[in-house]
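Undergrad: Below, each chain spelled out in residue letters.
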Amino acid sequence: MSQSPSETEAAASSTAEAAADPLTGFADGVADIVGGEAHVGFGTVKVKVPADKWSDAHLAARDQLDLVFFSWLSAIDWTNEVEVGDPPGEEVEERIELLSALSDLKDGNLVVLSTDLPSDDPSIQSLVDVYAGANWHEREAHEMFGIEFEGHPNLDRMYLPDSFIGNPMRKSYPLLSREVKPWPGTVDVEAMPDQDGDDEPSTENPES
Amino acid sequence: MTGIDSETIRHLSETSVSVELETEDMTLNIGPQHPSTHGVLRLVARVDGERCFDVKPVIGYMHRGYEKLSEVRSYPQITTIVNRIDWVSGYANEIPFIVAAERLMELEVPERAQYIRLILTEMARISSHLVFNASYPLELGAATPLFFALRERERVLDLIEGVTGGRFHPNFNRIGGVKPAYGSGSTTRKQPQDLPAGFLAETRLAMDKVLESVDQLEDLVAGNEIILARTKGVGIVPPEIAAAFGVSGPNMRASGVAFDLRKNQDYLPYDRFDFDVITGQSGDCWDRWDVRLREIRESVKIVQQAVDSIPSGPLQAKVPKVIKVPAGETYVRAENPKGEMGYYLVSDGGQGPYRLKIRSASFSNISMLPWLLEGALVPDIIAIMGSLDFVLGDVDR
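Residue numbers (my numbering), protein chains in the order written: chain X, 1 to 208; chain B, 1 to 397.
The set of hints was computed from the structure by calculation and includes no laboratory data. Certain hints may be false.
As the list claims (entries may be wrong) - Mimicking DSS-like on lysine-lysine, the simulated pairs with C-alpha atoms at most 30 Å apart in a straight line are: (1) K179/B with K56/B; (2) K263/B with K321/B; (3) K301/B with K232/B; (4) K209/B with K179/B; (5) K301/B with K209/B; (6) K324/B with K48/X; (7) K48/X with K106/X; (8) K106/X with K301/B; (9) K179/B with K48/X; (10) K179/B with K106/X; (11) K324/B with K179/B; (12) K318/B with K179/B; (13) K263/B with K209/B; (14) K106/X with K232/B; (15) K263/B with K179/B.
Note that the structure is predicted; figures quoted are calculated from it, not measured.
Start from the sequences, fold in the hints, and give me the full structure.
TA: Dropping the structure here:
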């Protein structure tokens, strides 16, 4: 990283903002070093980095920010047409958002790094050389979302049988048990015992 | 003997052995149904004499697809799913999920409810660590500690059952508070819902008993030469390896890293209580046993302080009849008995999550196994696996 002037600048501005929200200052400092854009919300720091900087960003986070603890890696399938659950409240850009959570082992600061991949052919550099723990998490993401991790030693199946077809955590993958029996199932028509009539069950059965 | 150091002697003996005995590699399969695997874990190892190489853990026999399932469930229904992840400490699994939902809703949870959550979480930790203290010596061949540990664990589980109605799967947390079993039901629903009468006194008594039995366990296990010989210096995990693999909780603290999410996260009011972060020195199997045993004492300290200072008041914040969580994303992590347990909750404003990533401790903890078991002696496999204290429900989710 050859941005030492901008780094010191960021450090100065982050201390000024730290008075308002300590997380914002921390997030901006991280975003500057890994080369991304910081979002802070509900106590969680998320830094969005470009997909081609994914591996470099993790290297910088590990070596320069001391975020040595690899917590997890996973993905979100953002799509407006879903087979299961509800579609997002607002129209979203269709993409696979890859997330990884890194933490330090002193103050408990945690950063979620995120990057966008195209839904039809998601592919990215593997993190196995940066964090050994990424191995199993990437295998899981490969199987569940169909993300290709370049340079991963073995992207074998982790949970599913070898004959399984599809990526079950994609929103386009139907949940078979739900196809067979809608939830709440028609047999579950008995209402929950309510308390003084003010604690009604939160799930309404459309067929009762 | 002068002139030759021990390294050279070992090298010479090893080469001479391999020249004399042309050993053939063998594949050793352990599990998936083996008592030491804490569920259904399968290990495939290449064995050269007494040492194993290329260990491949095969998981997935317990995969229940909770992340997918939670996308079609409403928030109140999900607590029934998540407390089945690590069933040895089912109660503790509910906390980070409920706190994540509350954080997105910006709810203020009543103090008394937070204290009850904290007391029960620590009881879940005590019961989980007692199970470890029962099963680990048993796996090494010592059966007696099991009876001491499970007797006290039953006492703790009875208390949890008294409050929540369930021993393993309490399903006790509601968004905005807690809902004790006592006082609910069709006949008694007019009674005020609170902790059952005598709960606090019973808890004080139980904590004294737990402390007593921890001392007994320490005598039994730490005084056992065979256990010492099988665990000291076996399965050493350096702290930097633990961090890179995401190994958390007591397994990481045994390697000397004084990191405890109870000290730096605010999911429960731990900052009001005085307790120590227990660490080990060398990160071997012995330290992992020792850290868990001493952590029981710290948990007892927290419970005793919480019982003495629990405030009175309501147990439930005002929440709407139909719970809808505003759109947003948050990650809440908690120090569970097995390590860092966290939920990345993505809400789109509906009655159920758009995406729920479940970060469970045992998954990352045993992802280290291929590294840790490389070159280990075959009988040490059991000693090392047992010391990591994993549960397959927590691995597969």
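Undergrad: If any of the earlier hints don't hold here, list their numbers in rising order.
TA: 1, 2, 9 and 10
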